[in-house]
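2 protein chains.
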Amino acid sequence: MAIADVQRVSEPALPNGLAQLTALTREDLQAVNKIILERMQSEVALIPQLAGHVIAAGGKRLRPMLTLSSARLCGYQGRRHMALAACVEFIHTATLLHDDVVDESHLRRGLETANSLWGNKPSVLVGDFLFSRAFQVMVQDGSLEVLKILSDASAIIAQGEVAQLITANDTETSEADYVGVISEKTAPLFEAACRIGAVVGERPSAEQEALGRYGRNFGIAFQLVDDVLDYSARQADLGKTVGDDFREGKITLPVVLAFARGSEEEQRFWRRCLEDLEQRDTDLDRALGLMDRHSALDDSLDRARAYGNDAIDSLKLFEDSPYRRAMIEVVEFCIERAY
Amino acid sequence: MAIADVQRVSEPALPNGLAQLTALTREDLQAVNKIILERMQSEVALIPQLAGHVIAAGGKRLRPMLTLSSARLCGYQGRRHMALAACVEFIHTATLLHDDVVDESHLRRGLETANSLWGNKPSVLVGDFLFSRAFQVMVQDGSLEVLKILSDASAIIAQGEVAQLITANDTETSEADYVGVISEKTAPLFEAACRIGAVVGERPSAEQEALGRYGRNFGIAFQLVDDVLDYSARQADLGKTVGDDFREGKITLPVVLAFARGSEEEQRFWRRCLEDLEQRDTDLDRALGLMDRHSALDDSLDRARAYGNDAIDSLKLFEDSPYRRAMIEVVEFCIERAY
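Chains as they are written, first to last, in the working numbering: chain G, 1 to 339; chain W, 1 to 339.
Pulled out of the complex, with its shape left as it was, chain G reads as follows (with noise of 0.2 Å):
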């Protein structure tokens, strides 16, 4: 259902649709950033040496942003969110941590991991230190309410990864399955950090799940449209290789869609390349070819799109204001760049 007020994805987003909410939560982010390389002090000295490789590599500061940006868009004028928005990050670079450990992943952002730099066990140790570290913030700020929704979401992404676990490289895999684990796995720390503004902010119980929606919904989309990366051209201009998920036989919707629209002969083909990881030189090419043959990127696109407005329409609960818009223009920005 199109809201009239609320702007949609199939809009064109603003080319730096992730500028204006940088702009927006600069001096805020700065201050997470202090807070961060703080709080991940330790007298063992590859405690912060190993977590700031991490952190310093990660990028957009994404989940950060949006407690940032929540809070102020319930009107908060205070300092408690920027500490939040810490944990958040935090326990987001705790399962990158543990994420890369499980998957065996050598490089994230160009970058070499943490567990191929220094190994496994001091990777798999400090994600349990900035976890700790995360709750230990938290107890500061002293709200019960934040420690239940970061504690419910760390369970809950924790349990997606053992799912996930257990359909990886299960072709046989639907699309159903797939959003099942996604939204176990990469939507809770979204909707946690949404929420957490609407908390602080002491808003009515409707915004906080206003909130919760957009940033549950927002992270599919996001999950998605990573997805899709993997398999397109963009990806190069992103300064990453195509075909990552692929050698590893992660199974994703793009994989899932041309699965179970191709042939027996194709079904065989993505069986051996990502149940039984045989795979040949030109096994990627192929690939690509039948999900374009099949619609597959273009189709789990549309469903990042769907996810998106969905995202978008839950703020329609709020006026606009700087804050909203560039909320909007976030989610538009995460979908546009994979076309």
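Incorrect hints may have been included.
The list treats identical chains as one, so a pair stands whether inside a single copy or across any two.
To be verified - Computed cross-link-like contacts, SDA-like style, restricted to lysine to any residue with a CA-CA straight-line distance of at most 20 Å:
#1 K250 x G262
#2 K148 x Q41
#3 K250 x G289
#4 K148 x Q136
#5 K121 x K250
#6 K121 x T167
#7 K148 x V137
#8 K121 x G249
#9 K121 x H106
#10 K148 x E38
#11 K121 x E104
#12 K121 x R247
#13 K148 x A83
#14 K121 x S105
#15 K250 x N169
#16 K250 x R280
#17 K250 x G119
#18 K60 x D28
#19 K250 x E104
#20 K121 x N169
#21 K316 x F333
#22 K148 x R80
#23 K121 x D103
#24 K121 x A168
#25 K121 x D276
I should point out that these hints are in silico values taken from the structure, not numbers from a laboratory. Note that this is a predicted model, so its numbers are computed, not measured.
Please build the complex by placing chain W on the supplied structure of chain G, with the hints as guidance.
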């Protein structure tokens, strides 16, 4: 300082020093086990399966028993201590799961480890799940003081684990270094488990401090005894194998003492076995001989006894009661079992 009304470690312990504590906390512990079973459930079947394996193999439930008995010692009559004892066990289980991944262990208490049975990946993620679940249960309990105690403990434990990773296989480790590591790695959860009892009992901070000191010193004594048992003939009685730490190149107090007191030739032996991990069939026997010559095991036990005495002294603040007697006896039992 010996206090007349406090039984000393040097007096003979009851043969069933753990049985007393077990008997006193039996009903509470049954409730804790029920909570553990309920709260480790998940729609992802692998989570309760893997967690159940570790928790069932977990043996004595020493840490949750300390929460239960500390609360009762403080005169607490409610039920909060049960859920919080379950949190302590969840955090303990999460650290065991991650420890076994980090140490690449294949056996724990004579059973195959979770990482050996299911692989490292689910062990890391189910550990994360249990850790998050512990915080969810604490949030439900609603005490920021408890959340502070356990998030602080978790951060220190993770930091201690990273520190141990760095000092691992370094034969130059001093006794102070080593006690420093176990003060961060093993003692904090014992300390936290006991402090929580005083918090739910709403006792003055002096009593919380006293129980914290009891737990901390008991934890150090417990770890030192564990280290000695790994080289002791008594080990075989306990269904374990002698020399696991030696084979893994772990530096524990018996090694620290034997190395410091050894000749240059002996120090070369220790370096070859524990730093270079070049071990021959007869090396463990030689290590045991060197420990015997330099009284390394006896002196390690004396250190454990000193920490145990400090733990027992901390209880002088409390009036005599079956719970206090059981908490004294369990310290004595843990030390005596190594003789």
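Right, here's what the structure says about each hint:
| no. | hint | in the structure |
| --- | --- | --- |
| 1 | K250 x G262 | within (18 Å within a copy, 54 Å between copies) |
| 2 | K148 x Q41 | between (25 Å within a copy, 18 Å between copies) |
| 3 | K250 x G289 | within (18 Å within a copy, 53 Å between copies) |
| 4 | K148 x Q136 | both (14 Å within a copy, 6 Å between copies) |
| 5 | K121 x K250 | between (24 Å within a copy, 15 Å between copies) |
| 6 | K121 x T167 | between (25 Å within a copy, 13 Å between copies) |
| 7 | K148 x V137 | both (14 Å within a copy, 9 Å between copies) |
| 8 | K121 x G249 | between (24 Å within a copy, 16 Å between copies) |
| 9 | K121 x H106 | both (15 Å within a copy, 16 Å between copies) |
| 10 | K148 x E38 | between (24 Å within a copy, 19 Å between copies) |
| 11 | K121 x E104 | both (12 Å within a copy, 10 Å between copies) |
| 12 | K121 x R247 | between (24 Å within a copy, 19 Å between copies) |
| 13 | K148 x A83 | both (16 Å within a copy, 16 Å between copies) |
| 14 | K121 x S105 | both (14 Å within a copy, 13 Å between copies) |
| 15 | K250 x N169 | within (6 Å within a copy, 37 Å between copies) |
| 16 | K250 x R280 | within (17 Å within a copy, 44 Å between copies) |
| 17 | K250 x G119 | between (23 Å within a copy, 18 Å between copies) |
| 18 | K60 x D28 | within (14 Å within a copy, 49 Å between copies) |
| 19 | K250 x E104 | within (12 Å within a copy, 26 Å between copies) |
| 20 | K121 x N169 | between (25 Å within a copy, 15 Å between copies) |
| 21 | K316 x F333 | within (19 Å within a copy, 66 Å between copies) |
| 22 | K148 x R80 | both (16 Å within a copy, 18 Å between copies) |
| 23 | K121 x D103 | both (14 Å within a copy, 8 Å between copies) |
| 24 | K121 x A168 | between (23 Å within a copy, 12 Å between copies) |
| 25 | K121 x D276 | between (28 Å within a copy, 19 Å between copies) |
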